[in-house]
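Participant: Place chain L on chain F using the hints.
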Amino acid sequence: MVGVKSIPSPAIAEERSHEADHPSSQVAHFGADQPLPLDCGIDLSPFQIAYQTYGELNADRSNAILICHALTLDQHVANVHPLTGKPGWWEIMVGPGRPLDTDKYFIVCSNVIGGCMGSTGPASTNPATGKVWGLDFPIITIPDMVRAQAMLLDRLGIDTLLCVVGGSMGGMQVLQWTAAYPKRVFSALPTACSTRHSAQNIAFHELGRQAVMADPDWHGGRYVDQGTHPHRGLAVARMAGHITYLSDAALHRKFGRRMQDRELPTFSFDADFQVESYLRYQGSSFVERFDANSYLYLTRAMDYFDIAADHDGVLAKAFAGIQTRFCVVSFTSDWLFPTSESRALVHALNASSARVSFAEIETDRGHDAFLLDVPEFFDISRAFLQSAGKARGLTGKGG
Amino acid sequence: MSVQEVLPLNGLATEPSGHYRADHLLVAEMVRPGSKVLDVGCGDGDLLQLLESRGIDGRGIELSREGVNRCVAKGLAVVQGDADTDLVNYPDDAFDYVILSQTLQATRQPRVVLENLLRIGQRAIVSFPNFGYWKMRLQLLIGGHMPRTENLPATWYDTANIHFCTIKDFVQLCDEIHVKMERAEALDLYGRPLRLRLPWWVWNLFGEQGVFLLSRGGRK
Numbered sequence: 001m002v003g004v005k006s007i008p009s010p011a012i013a014e015e016r017s018h019e020a021d022h023p024s025s026q027v028a029h030f031g032a033d034q035p036l037p038l039d040c041g042i043d044l045s046p047f048q049i050a051y052q053t054y055g056e057l058n059a060d061r062s063n064a065i066l067i068c069h070a071l072t073l074d075q076h077v078a079n080v081h082p083l084t085g086k087p088g089w090w091e092i093m094v095g096p097g098r099p100l101d102t103d104k105y106f107i108v109c110s111n112v113i114g115g116c117m118g119s120t121g122p123a124s125t126n127p128a129t130g131k132v133w134g135l136d137f138p139i140i141t142i143p144d145m146v147r148a149q150a151m152l153l154d155r156l157g158i159d160t161l162l163c164v165v166g167g168s169m170g171g172m173q174v175l176q177w178t179a180a181y182p183k184r185v186f187s188a189l190p191t192a193c194s195t196r197h198s199a200q201n202i203a204f205h206e207l208g209r210q211a212v213m214a215d216p217d218w219h220g221g222r223y224v225d226q227g228t229h230p231h232r233g234l235a236v237a238r239m240a241g242h243i244t245y246l247s248d249a250a251l252h253r254k255f256g257r258r259m260q261d262r263e264l265p266t267f268s269f270d271a272d273f274q275v276e277s278y279l280r281y282q283g284s285s286f287v288e289r290f291d292a293n294s295y296l297y298l299t300r301a302m303d304y305f306d307i308a309a310d311h312d313g314v315l316a317k318a319f320a321g322i323q324t325r326f327c328v329v330s331f332t333s334d335w336l337f338p339t340s341e342s343r344a345l346v347h348a349l350n351a352s353s354a355r356v357s358f359a360e361i362e363t364d365r366g367h368d369a370f371l372l373d374v375p376e377f378f379d380i381s382r383a384f385l386q387s388a389g390k391a392r393g394l395t396g397k398g399g
Numbered sequence: 001m002s003v004q005e006v007l008p009l010n011g012l013a014t015e016p017s018g019h020y021r022a023d024h025l026l027v028a029e030m031v032r033p034g035s036k037v038l039d040v041g042c043g044d045g046d047l048l049q050l051l052e053s054r055g056i057d058g059r060g061i062e063l064s065r066e067g068v069n070r071c072v073a074k075g076l077a078v079v080q081g082d083a084d085t086d087l088v089n090y091p092d093d094a095f096d097y098v099i100l101s102q103t104l105q106a107t108r109q110p111r112v113v114l115e116n117l118l119r120i121g122q123r124a125i126v127s128f129p130n131f132g133y134w135k136m137r138l139q140l141l142i143g144g145h146m147p148r149t150e151n152l153p154a155t156w157y158d159t160a161n162i163h164f165c166t167i168k169d170f171v172q173l174c175d176e177i178h179v180k181m182e183r184a185e186a187l188d189l190y191g192r193p194l195r196l197r198l199p200w201w202v203w204n205l206f207g208e209q210g211v212f213l214l215s216r217g218g219r220k
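Chains F and L are the protein sequences, given in the same order.
Using the UniProt record's numbering, the letters of the first sequence map in sequence onto residues 1 to 399.
Using the UniProt record's numbering, the letters of the second sequence map in sequence onto residues 1 to 220.
Read the hints as simulated data drawn from the structure, not as lab findings.
Even glycine gets a Cβ: it sits at the ideal position worked out from N, Cα and C.
Some clues are possibly wrong.
With beta-carbon atoms standing in for the labels, derived distance ranges [what the hints assert, rightly or not]:
1) L:PRO33 to F:GLY393: 29 to 37 Å
2) L:ASN151 to F:GLN260: 43 to 51 Å
3) F:GLN323 to L:LEU173: 33 to 41 Å
4) F:VAL314 to L:ARG54: 32 to 40 Å
5) L:ARG65 to F:GLY393: 29 to 37 Å
Excised from the complex, chain F in its bound form (with noise of 0.2 Å):
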């Protein structure tokens, strides 16, 4: 075997197609009435946001968290997940008695724009044409994902949040939610990420931009109508991103280099090492839940993400008289958005006499530390977030 393993079947693609249009979550449909205005000029309309909700919403609304995911994540943090039957991608966090209560709190979690598991996206169908979207849909960005989720709010009668939560991509969206509706937000957990996507991780998404649009299954993006999808590319985008997302240190106590299956090399590309297996492997299951051109959006999404440029190039500028309560967390052997990063945000939070928290965590298991089991994460969450909800004054269940 040679390369990345394994055809999606026909059926699985069906399904993610079919999740795309008809997702297996709650839906919110915004008419021609409702369109969404993206940075890019466009209207977008008719458009629909994919969310799942957990726990009640009290009586005075107040209890409200929402979840903002990260770039190949989804709503789907706390339920079994549709097209891979996996616990949902945040189980360790979000639950009863877990840091993000649910007995305590009412949490939201939607699809980003542009995504491809039932909020409007490239892979869903055009109602123009009755096709889908592909690369007619118009580029977003991470202030639209947030345009977006604040309509969705608006429909669920939500006005404050107590928190908006959110790692990666998702922490782009927390400190966007913050900047352009900070009186909406009492209280903000940003985590492993930062006010501007850097030059070197715009380098790694062109890298796997560049590893989809190579692939010959692409067909510029019409991939759906040819009947194909591009999973070599994706794969690869894949495998590369999740190399990111990781660290030497990690790599090397989880596989050092150990081989897979077998004493000796075999003299050949196969997967000899343990840790090629596993890229493999995290490419492999990647494509058959996630559309290539959602990949490309999602990521260009990223690129674009600079809140300092949106006002005058002075970050502080963006905050200024923010009564939002911060805590931000970074983890040491994040080389994707290290803690340098978070140290800006958190010098110009200061400059802007915001109520600011900002741990640096130790841990050797890189970017992807805050989806993992990391008790100090924990501990430091479930403090800040009962901390803001007896500030609000949270009586109660939620106290």
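Facilitator: Chain L alone, transformed into the frame defined by chain F:
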């Protein structure tokens, strides 16, 4: 020989301190309720918790990652930072009070730090171990070695404290940079104030630490 044997300290603080340190209670008493406070070198956040329990909006800076994470896990607004390098990031008049508790002697540039405290805050509250304390003097004079006390047990080669001073030295620095001393207290070994209005030289000899409430614009 203890402080009590040397001085007729009728005014010594006797109120029970509960689970708070006596010097923290003194600092908290200097802060007007409802004000906004930055605690530089806030350690595990004990003082911040005391202040927040009194309705004060408290923030902290702490050098050690462990200290910061413990504070954040208590729900306190604390960031990792260094008094020498990170105070410049705060705007003028951002706080009513900036507290520097037992940290001045560990900074590289105490004078610059002090100036920054009074730029960021309307007032500063500074406490530090007094190197003029009689036990310190005695150890150097009789023992011939660098002093170590119950509160400063580190040896000279692994102490973080690089700029020790006496109460007298500190008063001199305040005069030099035109800082007004609104209130001064000398504390005994247990952090209790020597309440009596004693001359500076007595405080300099019998105070284990000094606590000063400072504001801008002193003599000259």
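Participant: Hint by hint, work out which the structure violates, then give me just those numbers in ascending order.
Facilitator: Per hint list: 1 and 2 violated.
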